[in-house]
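Visitor: The lines below spell out each chain.
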Amino acid sequence: AQSVTQLGSHVSVSEGALVLLRCNYSSSVPPYLFWYVQYPNQGLQLLLKYTSAATLVKGINGFEAEFKKSETSFHLTKPSAHMSDAAEYFCAVTLNYGGSQGNLIFGKGTKLSVKP
Amino acid sequence: GAGVSQTPSNKVTEKGKYVELRCDPISGHTALYWYRQSLGQGPEFLIYFQGTGAADDSGLPNDRFFAVRPEGSVSTLKIQRTERGDSAVYLCASSLNGNTQYFGPGTRLTVL
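Residue numbers (my numbering), protein chains in the order written: chain A, 1 to 116; chain B, 1001 to 1112.
Possibly wrong hints are sitting among the right ones.
The calculated label-pair distances, taken between Cβ atoms and stated as ranges, are [unchecked claim]:
(1) Arg1084/B <-> Ala54/A: 16 to 24 Å
(2) Gly1059/B <-> Tyr39/A: 21 to 29 Å
(3) Leu46/A <-> Arg1064/B: 40 to 48 Å
(4) Pro79/A <-> Asp1063/B: 48 to 56 Å
(5) Gln42/A <-> Gln1080/B: 25 to 33 Å
Each computed BS3-like pair below joins lysine-lysine, with the alpha-carbon atoms no more than 30 Å apart [said to hold, decoys possible]:
(6) Lys111/A <-> Lys68/A
(7) Lys69/A <-> Lys1011/B
(8) Lys1015/B <-> Lys1078/B
(9) Lys111/A <-> Lys1011/B
(10) Lys1011/B <-> Lys1078/B
(11) Lys1078/B <-> Lys68/A
(12) Lys111/A <-> Lys58/A
(13) Lys115/A <-> Lys58/A
(14) Lys68/A <-> Lys108/A
(15) Lys69/A <-> Lys115/A
(16) Lys1011/B <-> Lys108/A
(17) Lys69/A <-> Lys108/A
Derived from the structure by calculation, the hints contain no laboratory data.
Cβ atoms here follow ideal geometry from the backbone N, Cα and C, with glycine treated the same way.
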């Protein structure tokens, strides 16, 4: 069975500081991995995805994530936090059905706060 | 272009009542997914349609929950005899041929 663990339900950084949100996954077969962002009272927006191509994935808003099979990790980073990055971030995994996705399995989310 | 839309945005109902939640996917998207997000949790999968048929309904919690997609576009999630534990945000997503899922804004259901 697949699962996702996000370490830290709440992360607080100062504006301009490095953002690091941790995600570890469990999957018996090569997974697809995703990071979604959710702003208050809004739906989920895709930040980036890993689909077995390059292990370093660049997304929107300056975010990137690196797939590390040996560590079963897919941590999300951004070099310099901006106030507008304050939101909840979800890591998700799904099986690779020959290029198509099944349903997503989400972590519990990490709420990012950015201090001025 | 238009994204995934869900109606209503908020629904308040009384315990024991029947509710219907609607999802309009992105035009042309063949796959449609329903998820439920409880407070402080990540979304949990409910059901997945490929075209008109339910390809995977393993996430439906019990037989009070049912979903349809009769013409392969709009989908309706139906909940009978609602319980307070059904209170959550219900999210819909669509994708083209099973690729990236695009989410709607959700319907917040409150069962009093």
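Visitor: Run every hint past the structure and note whether it holds.
Guide: The hints, checked one at a time:
Checking the proposed 16 to 24 Å range against Arg1084/B and Ala54/A shows it is violated: the Cβ atoms sit about 46 Å from each other. Separation of Gly1059/B from Tyr39/A is about 25 Å and conforms to the stated range, judged on CB atoms against 21 to 29 Å. For the pair Leu46/A and Arg1064/B, the beta carbons lie near 31 Å from each other, so the given range of 40 to 48 Å is not met. Distance hint for Pro79/A and Asp1063/B: a CB-CB separation of about 50 Å, consistent with the stated range 48 to 56 Å.
For the pair Gln42/A and Gln1080/B, the beta carbons lie near 29 Å from each other, so the given range of 25 to 33 Å is met. Proposed proximity of Lys111/A and Lys68/A is supported: the alpha carbons are some 23 Å apart, at most 30 Å. Between the alpha carbons of Lys69/A and Lys1011/B the distance comes to roughly 43 Å, so the proposed pair goes past 30 Å and is violated. Between Lys1015/B and Lys1078/B the alpha-carbon distance is near 15 Å, which keeps this suggested pair within the 30 Å criterion.
A distance of roughly 26 Å separates the Cα atoms of Lys111/A and Lys1011/B; the hinted pair therefore holds under the 30 Å criterion. For the proposed pair Lys1011/B and Lys1078/B, the alpha carbon gap of about 13 Å is at most 30 Å, so the pair holds. For a cut-off of 30 Å, the pair hint linking Lys1078/B to Lys68/A is broken: about 41 Å separates their Cα positions. Pair hint Lys111/A plus Lys58/A holds up; C-alpha atoms about 21 Å apart against a cutoff of 30 Å.
Note on Lys115/A and Lys58/A: the hinted pairing holds, with a Cα-Cα distance of about 25 Å set against a maximum of 30 Å. For the proposed pair Lys68/A and Lys108/A, the alpha carbon gap of about 21 Å is at most 30 Å, so the pair holds. Simply put, Lys69/A and Lys115/A have alpha-carbon atoms about 33 Å apart, too far for the 30 Å limit, and the pair is violated. Of the pairs offered as hints, the one joining Lys1011/B and Lys108/A holds, with about 24 Å between alpha carbons and a cut-off of 30 Å not exceeded.
For the suggested pair Lys69/A and Lys108/A, the alpha carbons sit about 21 Å apart, so the restraint of at most 30 Å is met.
Checked against the numbered hints above, the structure violates hints 1, 3, 7, 11 and 15; every other hint is satisfied.
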